[in-house]
Amino acid sequence: MKNFLVIQHTYAEFLGPIEKQLESRDIGFSYQRPFTGQDIPGSALQYDSLWLLGGAFPITDKESCPWLDDEIRLIGVFKHAKRPIVGIGFGGLLVAQYEGGVASAEPLHTAYWTTAHKTEVGKDDPLANAVDGVKVLVMYNGKVDLPKGIEPILVDDEGNWLAIRPDELTYGILFRPEIKPGMIEDMIMEANRPLPEHIGTLLGEARMNWNDMQVTMGKVAVALVSALDLMKERRKMPVFSLNVVRTEDENS
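Number 16 in the working numbering belongs to position 16 of the sequence shown; there are no gaps in the numbering.
Because the hints were derived from the structure by calculation, they are not lab data.
All of these numbers come straight from a predicted model, not from anything done at the bench.
Be aware that one or more of the hints could be misleading.
To be verified - SDA-like, lysine to any residue: derived pairs with alpha carbons at most 25 Å apart:
1) K135 to E151
2) K135 to G100
3) K62 to D26
4) K79 to L230
5) K79 to V225
6) K232 to K62
7) K82 to D70
8) K232 to D212
9) K20 to M217
10) K180 to H117
11) K148 to M189
12) K148 to D132
13) K219 to R234
14) K79 to M208
15) K219 to S24
16) K62 to A103
17) K82 to I72
18) K148 to K180
19) K148 to H117
20) K232 to S43
21) K123 to P147
22) K82 to K180
23) K20 to K123
24) K123 to E23
25) K82 to L108
26) K135 to P17
27) K219 to R193
28) K20 to P126
29) K135 to V215
Using the sequences plus the hints, can you model the full thing?
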């Protein structure tokens, strides 16, 4: 069975309605939660894909996120193993940083609704075509300036990057197809989480736009499955059970 590794950075932010999209395609997923003390895996060979989710802090904040270096390393491990990678929000910034982008702590909060526009680079990209002209919610902390040679496939109304595809098996996405209104409510309730001042307004718009958000999420899921060949099961290393063999001397 196909199994995706999902790195979750806060209790409030998970795959949301994307879970059903994956389950309907017989794709399993394993959450790893480094913010609870769980270790970042050291290998990609038990998984078919890597998903890096949203977070509450900038990717420069190693005090709040002490596992960041290990997560950057994990991106390299999956790339070396030729496994697909999808970074969303916080995870999208990590993908851009891995590719050589320069990370900054400010602005602390970037959260707004905008229309996604495909670029010339993204004209043939399934994801870019799926959300071109669609209203999307953007939410992340800090920023990453793209390195020379990496051009966005999607931008917002002001020309700021919303998605990159640095290679055939990797996406970095700043808009949030996985978010539903209940997740924003959970963010508000999450202890010690820094929030944008207009979070209530964002929640209200999410409630009003929920039907359209579900349609967009479905389009994004189909595009990612197609673009990254997510229905393909990657070869995995066998898991061995070590049985102790007793010798005749030990049995006597």
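Notebook entry, point to check: Can the restraint linking K20 and M217 be considered satisfied, given a maximum Cα separation of 25 Å?
Noted result: 11 Å, holds
Checklist line | Holds or violated: K123 to P147, with C-alpha atoms at most 25 Å apart | finding: It holds: about 21 Å lies between the C-alpha atoms, which stays within 25 Å.
Check: Given the hinted pair K82 and L108, is their alpha-carbon gap at most 25 Å?
Finding: 33 Å, violated
Item checked: Restraint check for K232 with S43, where alpha carbons must lie at most 25 Å apart -> The hint holds at about 19 Å.
Note to self: Check whether the Cα positions of K82 and K180 lie no farther apart than 25 Å.
What the structure shows: Answer violated: K82 to K180 is near 31 Å, above 25 Å.
Next item on the list: For the pair supplied as a hint, K79 and V225, confirm whether the alpha-carbon distance does not exceed 25 Å.
Entry: Cα-Cα ~17 Å, so holds.
Notebook entry, point to check: Straight-line Cα separation of K219 and R193 no greater than 25 Å?
Noted result: 30 Å, violated
Check: Between K148 and H117, is the straight-line Cα distance small enough, at 25 Å or below?
Finding: 21 Å, holds
Check: For the pair supplied as a hint, K180 and H117, is the alpha-carbon distance within the 25 Å limit?
Finding: Holds - the C-alpha atoms of H117 and K180 are around 22 Å apart, at most 25 Å.
Next item on the list: Quickly compare the C-alpha distance for K135 and E151 to 25 Å and report which way the hint goes.
Entry: With a Cα-Cα distance of about 21 Å, the restraint between K135 and E151 holds, given a limit of 25 Å.
Check: Do the alpha carbons of K148 and D132 lie within 25 Å of each other, as the hint requires?
Finding: Distance of about 24 Å is within 25 Å: holds.
Check: K20 and K123: Cα distance at most 25 Å?
Finding: Since the Cα atoms of K20 and K123 sit roughly 28 Å apart, the hinted pair is violated (cutoff 25 Å).
Comparing the model with each earlier hint shows violations of hints 2, 3, 6, 8, 11, 14, 18, 22, 23, 24, 25, 27; every other hint is respected.
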